[in-house]
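Take the sequences, apply the hints, and build the full model.
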Amino acid sequence: MWSWIHRLGAPKRSFFLCRRYRPWFGCLSFALFAFGLYEALWVAPPDYQQGEVYRVLFIHVPCAVLSLACYMVMTLSEVFAYIWSLTIAGIIARVLAPLGLLFTGLTLITGSLWGRPTWGTYWIWDARLTSELILGFIYLGVIGLRSALPKTTQAQRIMAVLTCIGAVNIPIIHYSVQWWHTLHQGATLLRWGTPQMDVSMLPALLLCLGAFITFAIWWAMSECERELLLLKRDTQWVKEWLERRV
Amino acid sequence: MVGQWQGIEHFWHMGGYAPTVFGCYGVVLGCVAYTAWRTRKRYQKVLAQLQVRSETGACQ
Numbered sequence: 001m002w003s004w005i006h007r008l009g010a011p012k013r014s015f016f017l018c019r020r021y022r023p024w025f026g027c028l029s030f031a032l033f034a035f036g037l038y039e040a041l042w043v044a045p046p047d048y049q050q051g052e053v054y055r056v057l058f059i060h061v062p063c064a065v066l067s068l069a070c071y072m073v074m075t076l077s078e079v080f081a082y083i084w085s086l087t088i089a090g091i092i093a094r095v096l097a098p099l100g101l102l103f104t105g106l107t108l109i110t111g112s113l114w115g116r117p118t119w120g121t122y123w124i125w126d127a128r129l130t131s132e133l134i135l136g137f138i139y140l141g142v143i144g145l146r147s148a149l150p151k152t153t154q155a156q157r158i159m160a161v162l163t164c165i166g167a168v169n170i171p172i173i174h175y176s177v178q179w180w181h182t183l184h185q186g187a188t189l190l191r192w193g194t195p196q197m198d199v200s201m202l203p204a205l206l207l208c209l210g211a212f213i214t215f216a217i218w219w220a221m222s223e224c225e226r227e228l229l230l231l232k233r234d235t236q237w238v239k240e241w242l243e244r245r246v
Numbered sequence: 001m002v003g004q005w006q007g008i009e010h011f012w013h014m015g016g017y018a019p020t021v022f023g024c025y026g027v028v029l030g031c032v033a034y035t036a037w038r039t040r041k042r043y044q045k046v047l048a049q050l051q052v053r054s055e056t057g058a059c060q
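Protein sequences appear in the order of chains H and Y. Position 139, counted from 1, in the first sequence is what my numbering calls 139; the numbers after and before it change by one each time, with no gaps. Position 33, counted from 1, in the second sequence is what my numbering calls 33; the numbers after and before it change by one each time, with no gaps.
Keep in mind the hints are simulated off the structure, nothing from the lab. The reader is advised that the hints may include incorrect statements.
Quick look at which bits of chain Y chain H covers, simulated, 3 or more residues with Cβ under 8 Å [as the list claims (entries may be wrong)]:
1) 22-33
2) 43-56
Here are some of the chain H residues that sit facing chain Y, going by a computed Cβ distance under 10 Å [claimed, not checked]:
3) ILE5
4) PHE33
5) HIS60
6) LEU99
7) LEU102
8) TRP114
9) GLU223
10) GLU243
Just so we're clear, the structure is a prediction, and the values are computed from it rather than from any experiment. Cβ coordinates follow ideal geometry from the N, Cα and C atoms, glycine included.
What follows is the structure in structure tokens.
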């Protein structure tokens, strides 16, 4: 199994895999955004309590899910990079941090804009909101440290350990609504049993979630391709590929 | 009227919430579009640099 991981994680193979599938994810993301926005703004009926303002949740929830997912993938990649010294895993961990920070920022902005008409306040030091804010600071710390530390194996290992320590915050964010009495509502999708959302609203949320996930994959693939090209620019396969493009 | 085209008027029926809803969608979609554009631009820049480098034989 491990040899399979090494084969798949080889820079050349990873580059051509990204190159092959990236346009598909780009097109899929675009289509899902189009359908998702149509469902979210036109088709989904107004909520019986919140009225129209609940439509913000169709973009808030995917941003929140991705802010957590980016960190989880980052941590897994750091583990793979630390234990198996996989080049592509290190690159994935590096490129996902800014995207995770972007989604964390968007989660906090859309959440507070939705919170004002719904809760009567833009911000409250609630367990879910505070732990999400801490996630934003962790992302900032990871990005800052990575740019400050030299690009040595030891520095990469330090980053891997620190990223893994930061991952403690992920279950805290997810279960904060169960562990403490919070103003934030409980889990809608990521829970055991049926989703706590009406079936007339669910397609819009799932389409938007799919659009954001495929966008994140497209983005990560683009960044991985760029990083791999820069890293392996003196290798024969990159030279041959560039010559073929001319 | 689920599943039916409700026209542009539907937007204005959001009343006081229209700026909040469209503000959120604008911020998020703007960020996503800008990130996609910037990523593409950065990739093209690297590609152009490497191609110049390859053509001038600087990497040999």
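Verification of the supplied hints:
no. : hint   : result
1   : 22-33  : holds (count 8)
2   : 43-56  : holds (count 8)
3   : ILE5   : violated, 26 Å
4   : PHE33  : holds, 8 Å
5   : HIS60  : holds, 7 Å
6   : LEU99  : holds, 8 Å
7   : LEU102 : holds, 6 Å
8   : TRP114 : holds, 7 Å
9   : GLU223 : holds, 7 Å
10  : GLU243 : holds, 7 Å
Going through the hint list in order, the structure does not satisfy hint 3, though it satisfies all others.
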